[in-house]
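Q: Listed below are the residues making up each chain.
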Amino acid sequence: MAVKRYNVRMAGIGGQGVVTASHIISNGVVISGGYSSLVPFFGSEKRNAPVESYVRISNHTIYEIGEIIYPNVIMIFHPSVITLGKSYTMPFYTGLKKRGIILINNRTPIKLSRDEERELEEKEARVYYIPATDMANDVAKTDLATNMAMCGAISGLFGLPDLKSLGESVKDRFLGKGIVTSGGTAALDSAIEKKFAKKQKLMEANMMTLEAAYNYVRDKGWADEDATATATKTAAV
Amino acid sequence: MSNLTAQAEGKPKDWVPKGDLQKVVTPEQMFFELPREKLFITGSEAAREAIRRANVDVAISYPITPQSETMQQAGYLYDDGYIKEYYRGEEEIGVMSAMSGASRAGVRCLTATAGPGLMRGLEAISSWPGARVPLVLLDMCRVINTPLAIQPDNIEMSFLLNTGLLVLHAENQQDFYDYPLAAFMVSEEVDVTLPAVVSTDGFFVTHARGPVEIPSEEYKLPPRDGWRSAVPAMDNENPPARLSRDAPIQKSNFISYHMHASWQQEVFAAVERSAKYFRKYLNGLVEVINPGAEDFIIASGSAVSQAREAVRQEGENGRTVGLVKVKCLRPFPKAEIIEAVKDAKRILIPEFNQAGWMQKEVCSVLYGRSKAIISDGPRVFGGMTMPTEMILEWLEEARKRTP
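First to last, the protein sequences are chains A and B. Those letters in the first sequence? Residues 1 to 237, by our numbering. Those letters in the second sequence? Residues 1001 to 1403, by our numbering.
Chain B on its own, in the form it takes in the complex:
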């Protein structure tokens, strides 16, 4: 907040925003070199600590469970001066549109939403990649379909996969600290210049406690340089490609089709170019446990945690089960997955949604490249947790079917 605003809100005249006292470090120092302290905190608190260190200029949000707690925490950061501007938008279309404007102004922007809020904002959200606006959206997944519930279910993520957004899926509180910081840095790389989403399964991560290792709050990431981008910040009054000004250009002749096609091809090429940065900052797009196993589980988000326990229990019983944790959904780690499961005979894909979007992704990548039988599940939805027992039963079934 500006000094005038600060004084109007009752801060002393010599009030200094705490963000101004932080020391800027390189992403490499922040992610890999600074010593870390281990805390036992909720996912919302982990996100707060990420935001504190992310050098955020503007945060805009509208409350929705289970996102509200994180953005309430962000309010304290604003009060302390770690975030320069923060306000509640009128609703999600307003929020996501304002984010687009804020990013065009060349500053670092953050928002967060959940389930139905994401759906409401989707019109504006799907316009972001083409507008080439770097920003970060935290997405705390919850049920969107009927009967409606506030419990976690990540079907909403399938709507994000084909928009040109960068999409990460955080497994736990640690990831929900690490991934947003990486997302900011990658989103603002010149040859990327795209918005990024960090999804996590609501409640299971946001409202649950887990171990999180973080560096001291004295440090923050470098600020965004507004001029470092693939295209100039788009001035809608004078659009560089006359995209939004001249109605006939948009719809009624082939120039507009060519323009749209090349524009979108470049967006998705930029998504692929981001892979090298995510590989560096996330220590690879995937994590592989027990490479070479005949039974493999491929999962992202909370499903990974359940799969880890299944792998452990199978190990206790002398059976080796492999696991691929997919950290990054866009860009999708095709080569890594093909390599990881090359010896697999059976693949399970546990998911927390009805649609089975991960299963479809994996099938499209492995078609013709793997002899493994890919099970159509297991899946839970409507907010239920997947008990480890369910994964173990599916494994046993798969072994019976393909000995």
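Next comes chain A alone, as it looks inside the complex:
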């Protein structure tokens, strides 16, 4: 069996749930029977500060640990990661493998410098823009569900984790045994729970956001089987 491997680097800003998203995706992959590991980058945990988290996804045992220096997938949760340089990795595509995928949460393409455009072209990067925050506002009625939209998009792109397992993982996070992400997340949990009288309602809103983003990616035709092959090749270089 050919080894499939996605090395995903996620960047966003504090409070968006980037680390939570990485836990949910990773847990979803494991639920679906795949292999995954994740590690957040540890700076200060505070609102609006840069956040990075890394998820490895595979159909084979994963040995490596630590941050991903050469990703083949990059997720940008907030445009200011690029426009204001709110990032631990500058420029945001540093280390991207050839023909890698960049998924950016923004309505419209972000204007990049000429050097950045050229380097992305040289890497044959596939850059996709998804209005994840808009989706969260429309579907879940809160921008706090932005991370759900980003999770749904990953499922749409790679089919790993599949949407059902991803949903199970979200359930684990909010209803199940609870996933330990960090002490600070507990405070955020109580804030978000106040917005939703019942956890069940929160779950439904999350699920709908996952699906909306999943469908968006599928409708755009970004789900690329070729991506799998590329990931395999680059991981083995």
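Hints are computed from structural coordinates only; laboratory data are not their basis. Just so it is clear, CB atoms sit at the ideal spot from N, CA and C, and this is done for glycine as well. Worth double-checking, as some hints may not be accurate.
Only some residues are given here: those of chain B computed to face chain A with a beta carbon under 7 angstroms [claimed, not checked]:
(1) G1210
(2) S1305
(3) T1388
Chain A is already provided as a structure; the job is to place chain B on it using the hints.
A: Chain B in isolation, oriented as in the chain A frame:
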């Protein structure tokens, strides 16, 4: 906690500590025989599950990133009654000194710290082995040198290697569950009676998720028997060897030098005696992949994980690379390493620190016993991960230099 404390903290009158409901099993049953369930949890949670099953009497700690999360989890265990006493010390010298006292009282003790906290507590820590206090310290490594960072870097471990402590290095979440339990059992063996440290690379293991197989929480290890020890628990008011009472004995005549020398020789002999127990409980002090290979990687901790991926990718390209995972640093598995790399021509030693302590250890063991060229690296430090690509480049370089 005592029943009075429990009630003062709002527990019902008939509250029973959950630890009291656990069934004691032998270490062999706990480590090898009980069926295990596979979980996908962080290293901090894995440590929590180890502590839950370790029959810990006293836990003492002071928060420091990245250790805090584990000891926060230990707080829940205390609340549920899996740990009998738990408190936050004033800082690390206080914590490590209190640990020494707690272990002297004959109970099972646990603490945890990280990087700068370890450095702060080191004065007390390096007095533990000579005091012959069995206990376990979990050490979640982080940067200690300047510029300071909270990221993982394991240079602090080099300070532990020459103290007489038992030192294990956990590679991943599974090890961070298994090793503390083994450490408790070995530390309390009569012919060992020494403190043990289980180090792991902070964040990469503690805050990352990985697969961990563990037996049911219904079971726990046997309690510590305070009277089973190489020497009686030292009463500092009446020290058995008048070590700490009579100033002239300590410094100013040859009796004290002899006493110190024989005392320390016995400590390090006890470290060596622990090897037979670690071999049993850890399934060997080393793990060897691809024995007989000409290219070998020797590593411990997170570096092993990166090396495994390098070995896999080299295998896909038809090149066999060997790997020695060193599980146990004290006692150091000299014979195992000499045997494992006897046919090696080139040896790489990837490390997550600037000092290269593993490289120095290996060189001192292999000097005159191996013809292999030992590379001085690769190394990353300051908290960076070592990309597999880096190990592959170093391998290629080594092959060019010694065809």
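Q: Are there hints from earlier that the structure breaks, and if so, what are their numbers?
A: none
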